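Undergrad: Residues per chain are reported as follows:
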Amino acid sequence: MSEAASTHPQAQSRVGVSSFLLGGVALLLVSLSFAVSVGAVPVPLGTVWGILLNKVSPGLIEQTWSQGREAIVWEIRFPRAILAMMVGAGLAMVGAGLQAVTRNPLADPHLLGISSGGAFGAILALLHTGLFIGLLTVPLLAFLGALGATAIVLSVSRFADAMSADRLVLAGVAVSFIIMACANVLIFLGDPKATHVVVFWMLGGLGLAQWSQLIYPLVVLVASASWLLSRSTELNAMTVGDETASTLGIPVARFRLSVFVAGALITGVMVAFSGIIGFVGLMVPHVARLLVGGDYRRVLPASAFLGAIFLLWADITARTIMAPEDMPIGIVTGLVGGVFFVWLLSRRQA
Amino acid sequence: METEKASIDMMYADLMNLGTIFGVEDKAAELVDGYRAELAAFTSELETGEPLRVFVYDSGEDTPFTAGRYAMPTALIEAAGGVNIMDDFKKSWATVTWEEVVERNPEVVMIVNYGEVTAEQKREFMMSNPAFADLDAVKNDRFVTLEYVEATPGPRNIQAIKTLAEAFWTE
Numbered sequence: 249m250s251e252a253a254s255t256h257p258q259a260q261s262r263v264g265v266s267s268f269l270l271g272g273v274a275l276l277l278v279s280l281s282f283a284v285s286v287g288a289v290p291v292p293l294g295t296v297w298g299i300l301l302n303k304v305s306p307g308l309i310e311q312t313w314s315q316g317r318e319a320i321v322w323e324i325r326f327p328r329a330i331l332a333m334m335v336g337a338g339l340a341m342v343g344a345g346l347q348a349v350t351r352n353p354l355a356d357p358h359l360l361g362i363s364s365g366g367a368f369g370a371i372l373a374l375l376h377t378g379l380f381i382g383l384l385t386v387p388l389l390a391f392l393g394a395l396g397a398t399a400i401v402l403s404v405s406r407f408a409d410a411m412s413a414d415r416l417v418l419a420g421v422a423v424s425f426i427i428m429a430c431a432n433v434l435i436f437l438g439d440p441k442a443t444h445v446v447v448f449w450m451l452g453g454l455g456l457a458q459w460s461q462l463i464y465p466l467v468v469l470v471a472s473a474s475w476l477l478s479r480s481t482e483l484n485a486m487t488v489g490d491e492t493a494s495t496l497g498i499p500v501a502r503f504r505l506s507v508f509v510a511g512a513l514i515t516g517v518m519v520a521f522s523g524i525i526g527f528v529g530l531m532v533p534h535v536a537r538l539l540v541g542g543d544y545r546r547v548l549p550a551s552a553f554l555g556a557i558f559l560l561w562a563d564i565t566a567r568t569i570m571a572p573e574d575m576p577i578g579i580v581t582g583l584v585g586g587v588f589f590v591w592l593l594s595r596r597q598a
Numbered sequence: 238m239e240t241e242k243a244s245i246d247m248m249y250a251d252l253m254n255l256g257t258i259f260g261v262e263d264k265a266a267e268l269v270d271g272y273r274a275e276l277a278a279f280t281s282e283l284e285t286g287e288p289l290r291v292f293v294y295d296s297g298e299d300t301p302f303t304a305g306r307y308a309m310p311t312a313l314i315e316a317a318g319g320v321n322i323m324d325d326f327k328k329s330w331a332t333v334t335w336e337e338v339v340e341r342n343p344e345v346v347m348i349v350n351y352g353e354v355t356a357e358q359k360r361e362f363m364m365s366n367p368a369f370a371d372l373d374a375v376k377n378d379r380f381v382t383l384e385y386v387e388a389t390p391g392p393r394n395i396q397a398i399k400t401l402a403e404a405f406w407t408e
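Those protein sequences? They're chains Z and R, same order as listed.
Okay, so the first sequence: first residue is 249 according to the numbering used here, each after it adds one.
Okay, so the second sequence: first residue is 238 according to the numbering used here, each after it adds one.
It should be emphasised that the hints constitute simulated quantities derived from the structure, not laboratory data.
Note that the structure is predicted; figures quoted are calculated from it, not measured.
Do not take every clue at face value.
To be verified - With the Cβ distance kept under 8 Å, some of the chain R side facing chain Z (calculated, not the full set):
{"#": "1", "residue": "T257"}
{"#": "2", "residue": "S296"}
{"#": "3", "residue": "D299"}
{"#": "4", "residue": "F326"}
{"#": "5", "residue": "E336"}
{"#": "6", "residue": "N342"}
{"#": "7", "residue": "G352"}
{"#": "8", "residue": "E353"}
{"#": "9", "residue": "V354"}
{"#": "10", "residue": "Q358"}
{"#": "11", "residue": "E361"}
{"#": "12", "residue": "N366"}
Glycine included, C-beta positions come from ideal geometry on N, C-alpha and C.
Let the sequences and hints guide you as you build the complete structure.
TA: As structure tokens, this is what we get:
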């Protein structure tokens, strides 16, 4: 990532940033309105807008649609689209941050064990303990699982003296395999009739979205993402190398762990509500760098926008391609992301 | 050849086949006739109305796992005087979208009970999710629970039909 050092953000970024932001917001709104108007049940665009306007200011438009249609648009599609944007933005920013502090282009929120912990918690609740504290049991256990996995990775990295970037990645991969093996033991021991529910956690999906629960990922995302944004210059320095960063006064090992923990918080809460959606965190930051250069002051917001837009479209594809069946979104992100990545690689070589 | 829609006759055919395999055709025929008579007696006393729209909720919160055209519950519900809202869905057991469920507005929800997530928790999930607030089944709190063995092909289907019919027509 040597572009980071060679770009001169002050000189070229001002106009670029504001037009990029405008373009991003516009594209996001277009994608969002498309996401709420398509689905298994066709709802005319006029009805969609009528429902939305009536939600903003009740009684504005005479209600010509059924209560069912209103529930589909407002209670199912809208929270789902908003969750898609948050998950996409969150995972992409975490991926960007981790790729900087590990200087590993393959770093990804799911590579470092965090998501495996989340899946483990969810599977434990669904197949073994039951919903002992009500309907929030599964997301709560998934989040605790993600935090537990983070703690294990941190202690392993300390125990194995893995304060360097490479060793943190290796510790994460090792822990990820162990936790996944344990999760598979839980699936193996669980009631075979019930194991199909596990697919959601392994391949991801946005079908759990409800207005009342969106607040949790929102709070974590806003807090952790603004911290990451505020550390853009440190992230820039980290992409150059540990020595350079430490000459600039950055406590390298501690900073790396802080980014890892902030990433774990975001990933944990996203996995808790959407399962393991692969490839977004890995791919989107690379696309963002291609578009805006290597400066993290732009890479992070660009990743957030691109991630949000990408996941909206991935979800639109996942729930329309085989309607009335819902395809797990991880299949779409993996397939589209993988093919796109190969194309990107071949292009760079040329 | 197009697969046939699930029907209770398939369960009878299974029993007859088992009878042939084990060389006890007479006993099998007797058993099947007994079931037929039992059901006929039961349904003749039943006062039914327009077929009720029934949604089979097996499991799943992100997407519902349900019974389609070829799954046993479609037959059980029909025998009890209802109609599976997903009976045009040409699958056995599969996932659908909640959108489709909301659009078809079931009057009764049939829960399949097994595993760690209890039938009561499944009911609670449907009752508490704002997306389902306007479903007739939720507004009138009409849920009926079948055990896993009752909802899959087997002799317990007879009891299952009675349970469903009582829930449909005597409340």
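Undergrad: Let me make sure I understand: some of the numbered hints might not hold for this structure. Which ones are they, in numerical order?
TA: 1
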